[in-house]
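Going line by line, the protein sequences match chains F and W.
Residue 1 is where the first sequence starts when you use our numbering, and the numbers rise one by one after that.
Residue 553 is where the second sequence starts when you use our numbering, and the numbers rise one by one after that.
Among the hints, erroneous ones may be present.
What the hints assert, rightly or not - With a cut-off of at most 20 Å between alpha-carbon atoms, the simulated SDA-like pairs for lysine to any residue come out as follows:
| hint | chain 1 | residue 1 | chain 2 | residue 2 |
| --- | --- | --- | --- | --- |
| 1 | F | Lys443 | F | Arg505 |
| 2 | F | Lys120 | W | Glu709 |
| 3 | F | Lys269 | F | Lys256 |
| 4 | F | Lys314 | F | Glu304 |
| 5 | W | Lys824 | W | His752 |
| 6 | F | Lys280 | W | Lys564 |
| 7 | W | Lys589 | W | Ser658 |
| 8 | F | Lys237 | W | Thr572 |
| 9 | F | Lys169 | F | Asp201 |
| 10 | W | Lys564 | F | Lys79 |
| 11 | W | Lys664 | W | Glu701 |
| 12 | F | Lys220 | W | Arg579 |
| 13 | F | Lys280 | W | Thr572 |
| 14 | F | Lys245 | F | Val287 |
| 15 | F | Lys454 | F | Phe542 |
| 16 | F | Lys126 | W | Ile871 |
| 17 | W | Lys744 | F | Asn116 |
| 18 | W | Lys564 | F | Lys237 |
| 19 | W | Lys875 | F | Glu123 |
| 20 | F | Lys120 | W | Glu860 |
| 21 | F | Lys79 | F | Met63 |
| 22 | F | Lys120 | W | Ser570 |
| 23 | F | Lys220 | W | Lys744 |
| 24 | W | Lys557 | W | Lys824 |
| 25 | W | Lys875 | F | Asp285 |
| 26 | F | Lys220 | W | Ser570 |
| 27 | F | Lys120 | W | Lys826 |
| 28 | W | Lys826 | W | Arg731 |
| 29 | W | Lys824 | W | Glu709 |
| 30 | W | Lys645 | W | Thr572 |
| 31 | W | Lys826 | W | Glu753 |
| 32 | F | Lys120 | W | Arg731 |
| 33 | W | Lys557 | F | Asn116 |
| 34 | W | Lys645 | W | His597 |
| 35 | F | Lys120 | W | Ser560 |
| 36 | W | Lys596 | W | Ile654 |
| 37 | W | Lys744 | F | Glu117 |
If you're looking for bench data, these hints aren't it; they were derived computationally from the structure.
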Amino acid sequence: MTVREVLETYNEISIDKEITEEIIIFTLYRRQFLIFPPSKDNPASTALLFLCNDDGADFPHIMLNNETLLDSPLIPKGKYRWVCLYEQESLVNSIVSYEDKISDSIERLIELLSMNEIEKEREFQKEFMLYWNANSVEKKPYSVYLTQEDEFAEMDVYFGESNVRIIEKGLYLSDINDRDNDKRKWVRHVENDVFFIPISDNRGIYPPRGGNNWASQEIKNIVFSQQVEHISDSVFKQINCTIPKTQNIILVFGMKSEWSNVTFAVKIKCKNNVRHSLLKKILYDIVAINPLTTERKDYLYFNEQLGNDIGLLKKKVLVVGAGSLGSYVAFELVKNGAAHLKLYDREMLEDDNILRWAYGGVGVGSNKAKIISTLLGLLHPEIEVIAEPKNIDERSLIEETSCSDLIIFTIGNSDEQLKFNRILKASQCAIPVIYTWLEAGGKYSHILYVNYQKKGCFECLYTNENGDLINNRARMNSDDIMDTAIIRNGCGGTRAAYGTTSLLRTTAALLDIIQKVQMNELTESVLVDVSPESVCISCTTFPMEACKCCGN
Amino acid sequence: MKLKKEFSDFYKAIRISSETNALREKRRVLQEDIESKLPDILKKHDISITKSDIKMIDQGSYKYNTTIIDDVVDRDVAVIIPLDITKNDDPRKIKGYLRDSINIASRTVYIKEPCVRASYYENEREWLHIDLPLYARYDEKLYLARGKETSSNFSWENADPVGLNDYLCEKINGNAQLRRIICYIKKWRNEKYSSTENDHEIPPSIGLTLLACDCFSALSTDDSDDDLRSLQKTMKSILNKFSIKKDQNGEIISASLNCYLPVSPYTDVFIKMKESKTHMITFYKRFSKAVANLTSAVQLESEHDAGEYVQKVLGPVFIVPAKEAVAAAAQNRREHSFGD
Ligand SMILES: [Zn+2]
Ligand SMILES: [Zn+2]
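Bound-form chain F, shown alone (with noise of 0.2 Å):
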């Protein structure tokens, strides 16, 4: 079938202007649409629709601009505006024919030009910042940046070369007083106070768009609304009560719900009264607003977008061992919503590390704690890893117990685990601690949650029935595969032979065993092999009664 034949199936288009079989200018419930059909070269395309001479402000999903692609001696002259049907990759376009392609985008113009107000407003607040941003007349970007989206906060500004930061007051960002030849990359202005406001209710609030632009009495609806609360009760006090110090204000609005989560940012002119609360300038003093292009840039909203568990945000974990397992589980704690880690290592990284280490070759000569640091830095301005190029010893392994959320050991010396082991269940350590080691070989690895107010601790993996000590009970290697494995490089220097999977498989058993730590789905303590068959919970005897350590 052609386009045209397609198109009249539909009792409610009619066909305007035949450009050919295929591209046609079409009416459907009193507006006008281009059509251009799907390529049928290429499998992944569809079809393409443009409303004509409209500026389609009262629907959502008609793009803003005129295209001027459309410069073809076969189409008329006017504005067109590109319909944006579908959304990028959530079709599989390749297994649907011709006709079903053009069908399915008449179909979804149908829905689009049908929807009633409540449809059309979740649409808008989808695209909200699209309209927004599209709106704001500023040149430089403002990046926000928040810890928190439920309360009231004051908030500074800081000018930098090509954006403004505005960042909640009390967040301290690792690059703020980063120089550029001496000069400051960021500057901190103070002519305009700034405020983040919460909107806990978005009912009724739409973006500016085609001609009805943001006006004072939006900022005033949202604040002070008539039938809606849209603001909760506390946010609505401290607006009641602040007292601005400057005349003009820059107040940043933060809407989440199930269907989008935006922030944007506007800068209101006020009169000047001196003494009036934040509140009573929005609603008595505003003279002219002016729409900041906003864009969210703090490290609570990248991880929620990509849906991290945001309860590790604002905990501390101590990371002992910045070896090739350190390396691995620190690089993927931070790009999974830990932002605050602390790494005990002595060593350097040498050239020979670096196969088996998560960064690269940068830092080869110094010290490997302090290369995670830096590097990790650089991810976000939030993350703040703090390196102590040493070996932890009693007293810092229980100074750093009263203020960590979270230890993780990676680190193999057997010696050193019991070690640590012991002080911790001495000094009844109350936060969770994970032993994670790989078994010489790299075949096997294994991950020990210890919660130390409970039964069970690493010293019960070297303790048979009768309470002796014997060698680690968990291995799953045996002696002689342990032989082959191992790598002699004279005077007795021994390495272990292993690849980075059993490291990448390591870690992500461990991220897992971290997440059930903080979701309290974990909370005995418990053993956990890792294989390249499967993660599971080991069947060697743990906890062991006759420990001398954990037991009576």
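With chain F held as given, fit chain W with the ligands onto it using these hints.
Just chain W with the ligands, lined up with the frame of chain F:
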């Protein structure tokens, strides 16, 4: 359960969970005006009360949380003053004094049969009215001032606004499904009576609320409430309360529904509507149409088709889910990649 998400979204879209600050502010100023001016006005007519004698209490849906979004915010606040009604036997005069105490340019004030109304306008559109039923406390009892200013029909009617509040709060608070059902029925009323000007033709909220409480059927399936079936069953049993008379052609010639206040004065809440037969017949016809549509929705297999019937009852704010065939086709082709 059918249309679970749609009902949940609908409720979120129509409900008002609390008084806005703007409204609270208007009410506070109104209360201050009454407290500061009413004693002086009354004094001129030899009635002596002090500021602290005046009690103002919340009445109506805000109290038991069944307020829904409407074109105009409707707020009821009872004004209670100590008054000897044997000496002051004309409630119209006292209502006039209450009106005088609040009559300023920023609000439009007038006397209605059961109350004094203060209306607020913005950009020439009324957005709020605060209704002030006036009660006299006399001999340990409360009496509502009834009667329009010029009407010969007036009385001090024994009433129990506090008792009514308590009755409804006890029924509704803690029963989330009942609360939603009341909101749905009120929304149905607003949809069907949106173009009706005359108050007397419209079933009053208090009547619909009391009926819903009386006829409520809680319904749920596997841990979640089934609002569609609960609404259908509740409205069905309200419908069964009507008594209908038909002529030989089967045409309805009268419809009656009795619903009395559960507290003093135990009057019929539909008394005003009953002044004309046609109002009650219209009410019955519209109500039975709603029940028929909901019954179709309950019986239909397809969520889309059921949704269309519910939308006929609750209006366009209720969103009809996409046709199953279309939704399934889209589902099959939905990309399974993680995105970037
Ligand atoms: Zn779109
Ligand atoms: Zn033990």
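The hints, checked one at a time:
no., hint, verdict
1, Lys443(F) x Arg505(F), "10 Å, holds"
2, Lys120(F) x Glu709(W), "49 Å, violated"
3, Lys269(F) x Lys256(F), "26 Å, violated"
4, Lys314(F) x Glu304(F), "14 Å, holds"
5, Lys824(W) x His752(W), "6 Å, holds"
6, Lys280(F) x Lys564(W), "30 Å, violated"
7, Lys589(W) x Ser658(W), "16 Å, holds"
8, Lys237(F) x Thr572(W), "12 Å, holds"
9, Lys169(F) x Asp201(F), "25 Å, violated"
10, Lys564(W) x Lys79(F), "39 Å, violated"
11, Lys664(W) x Glu701(W), "8 Å, holds"
12, Lys220(F) x Arg579(W), "19 Å, holds"
13, Lys280(F) x Thr572(W), "16 Å, holds"
14, Lys245(F) x Val287(F), "17 Å, holds"
15, Lys454(F) x Phe542(F), "12 Å, holds"
16, Lys126(F) x Ile871(W), "17 Å, holds"
17, Lys744(W) x Asn116(F), "18 Å, holds"
18, Lys564(W) x Lys237(F), "24 Å, violated"
19, Lys875(W) x Glu123(F), "19 Å, holds"
20, Lys120(F) x Glu860(W), "18 Å, holds"
21, Lys79(F) x Met63(F), "12 Å, holds"
22, Lys120(F) x Ser570(W), "25 Å, violated"
23, Lys220(F) x Lys744(W), "32 Å, violated"
24, Lys557(W) x Lys824(W), "38 Å, violated"
25, Lys875(W) x Asp285(F), "50 Å, violated"
26, Lys220(F) x Ser570(W), "19 Å, holds"
27, Lys120(F) x Lys826(W), "41 Å, violated"
28, Lys826(W) x Arg731(W), "27 Å, violated"
29, Lys824(W) x Glu709(W), "16 Å, holds"
30, Lys645(W) x Thr572(W), "33 Å, violated"
31, Lys826(W) x Glu753(W), "9 Å, holds"
32, Lys120(F) x Arg731(W), "27 Å, violated"
33, Lys557(W) x Asn116(F), "17 Å, holds"
34, Lys645(W) x His597(W), "10 Å, holds"
35, Lys120(F) x Ser560(W), "18 Å, holds"
36, Lys596(W) x Ile654(W), "16 Å, holds"
37, Lys744(W) x Glu117(F), "18 Å, holds"
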